[in-house]
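**Q** The primary structure of each chain is shown beneath.
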Amino acid sequence: MIYLDNAATTFLKPRAVYEAVSRAMRTLTSPGRGGYGTAERAAETAFLCRERAARLFHADGPEHVVFTFNATHALNMAIGSIVPEGGRVVVSGFEHNSVMRPLYALGAKATVASGALFDTEETLEAFRRAIAGGPDAVIVNHVSNVFGCIQPVEEIAEACRFYGVPLIVDASQSAGAFDLDFRALGAAYIAMPGHKGLYGPQGTGLLLCREPPKPLLRGGTGSLSRLPSMPDTLPDAGEAGTHNMPGIAGLSAGLSFVLEKGPDAILRHERALASALAGRLKRIRGVTVFAPEKGHPSGVLSFSLEGIPSEDAAARLAARGIAVRAGLHCSPLAHETAGTPGGTVRASFSAFSSMRDVYALADAVSAMV
Amino acid sequence: MILIYPLFTYAALTKAQKAALALKRGGIMASVIRAPGVLGAEGCAYAVRALTDDTEGAMRLLRAAGASPRRLYYPDEGSDRWRRTS
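Taken in sequence, the protein lines are chains A and B.
Numbering of the first sequence is given in this note's numbering, commencing with residue 1 and proceeding in unit increments.
Numbering of the second sequence is given in this note's numbering, commencing with residue 1 and proceeding in unit increments.
Everything labelled a hint here was simulated from the structure, so no lab data went into it.
Note that beta-carbon positions come from the ideal geometry of N, C-alpha and C, so glycine has one too.
Warning: the hint list may mix true and false statements.
What the hints assert, rightly or not - In silico contact screen, one side only, chain A against chain B (beta carbon under 7 Å); selected entries: (1) G32; (2) F47; (3) E63; (4) L224; (5) D236.
Here chain B stands alone, though its shape is the one from the complex (with noise of 0.2 Å):
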């Protein structure tokens, strides 16, 4: 089975940082990552990888601890590409 991570970015540090740590304290494994360089648009930008299929569970528990992400993306399966949803 190949599991298929959503990645949260954001803009700052510290509110990635506070993303991945509700994520953890909500159950799911979370990581902060540099944003990959194709989705930083803007310059640098961080990511949080989280370990889910329940991406929806996750936003809740991002809007809850007022850490909401500015986009949320997929890897495409079988390619280095991301796939944006949101």
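Next comes chain A alone, as it looks inside the complex (with noise of 0.2 Å):
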């Protein structure tokens, strides 16, 4: 199989990771839940998986690092923080839904701020004018699940901090490829997935945190135990019940080999193999190419094929063994601001990706047409 869904989950793992996963099977139970040896080692994992994602994210401490589920979960635990019910908030046009969907179960009121796809300026000025009306909140997703394309997160962190204005960034796409600074944003959250950019399991994700957040979840956490209410301290406050270790683990050994490589070196190669492949489609007849000039800004990338269905495009090239993404990829939002009410094909490249996968779904596009 050419693996090209990286955007949804990086299939392939570093080696560490699948070790880890199954050492952790084996040697570890549950952290803080005993002074014993297999809950002495679960804990310094789980520590030292926070240290790494503090180091990568440049987080104060590694007691800033909460785990989740996946980034939706953290983006659900940041958004019921901060917005309040009935708020006022502005975001990116290309929200996916895990934002969506929470602003609208509490009735937030949602100012997209926006403009032409891959306009960074546009963008830019859209949220400077709509952060000056003083919302309850700002959400930005840093780089597009559809499109690639980048919110310039860090000018409108500046304007946010300017403001007084908490932010919370989605870096489902972005961690582990870009350089996040979480120091430096300013933000009040980060949320992202760990089975993406950051080459752990499923079923793992982070969010990083300036203050406590309220808890979505509410129970266990081996601390504080008398307490009838959640402890407000971090990580335990967004960490209710027993933790998915072998899910750390894996993560943290992700972390490790993120860190080796350096982001900057994944985002080179991921954008030299997103540019070569949107080469490539442009040259085909029938094919649409959502991406910039020159050089695609990310390892995601979305096209569209004349008179056939993104979904029906995505079952034919699965049929050459070839997998992609087809549809809204969740985020309606980012389909309506681009005018692809139709959806897209979408592929998307991680560290493991080659120049190889790049021709081979080029090829069979070309067949397709």
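Relying on the hints, combine the two individually framed chains into one complex.
**A** Below you can see the structure in the form of structure tokens.
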């Protein structure tokens, strides 16, 4: 199989990840739930994972790293901590349903700040205007899971700091490939999955927290057990119940891989592949490629084929052994913003993708139209 | 010679781990343990056992790391009780 659905889940992981998961199953129990060997090793494993994440994302300390099940879990917790019922929120035009549905449930009024696709300046202007209106929060999707376009998160964060508006960053597609400096951004929360660019297993995610979040779940934390409420300390406030130790051990190995390789090198690799694919697809009649003139900004690339619905195109590619994503990618807002109501076909790369994958997909698309 | 080591207590495991790491980086042997039952009045708690007679120096390291303890105890010599100092 040629796997090009890394924006959903990176399928190939570093060998150390598989080994760590397997080892954890056999050697770890639950951190903070005992003073015996397997519990202590679990505690050390969890702490090391937090430390690696804190180092990669420049958090003030390991306690600012909260384990979640995925980015959706993390975003729900962040949104629930900041956005009041019926609150006013500014979002980018590329938010995923993991942001829009929690906002809808809260009855929040979302102002979409967006410019033309890949026009960072226009997007930033729209954000600055909207932030000046004093919303309760700003939520920004750093890199679109549909088009791979980048939102100018540093400048948006600067505007948020200036107006004193809390910022939530959805780093689902950027964590592991982009430099994310939690401290410098001054964001309230950064949410990310563990199973994409951090190369951890499914069922893992992280929420970087400046302050303790409002818990989504309530239960045992292994701390302050006589309190009837959840502790208001980090990271325990966000972590009720037994930890996913095999997942955390695997995520820790994934983080180690990213730290060693460096996000910059991973991004260069993914950009080169996405740019090469964009170039090849643009030369095929009947294919519309959603990419800037030169150099794709990330490893996520969308395209559409004239006369072939995206789901059908993806099914035909799957029959040829090529795994891509089709449809709305759980982000109808992004398609509204870009004017692609029928959805797109998306190819997305990882550190393990190669130019051969690009050639194979371009050839397969060429044969279809 | 009997070494009298201080015990720094924390409500959360991660904070205790952070404290132990700060002490180790400062050259003080330290380990995280579950707080002895009598010290965890609010329920489960954690403690960092440090092998040092320089409690002030250890406290400086902990404060600098943002890992100040909730309480500081010493074992009562010749008994299994703990003496709270802060």
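**Q** Please go over all the hints and tell whether each is borne out by the structure.
**A** Going through the hints against the structure:
no.	hint	in the structure
1	G32	holds, 4 Å
2	F47	holds, 4 Å
3	E63	holds, 5 Å
4	L224	holds, 5 Å
5	D236	holds, 5 Å
In summary, this structure violates none of the numbered hints.
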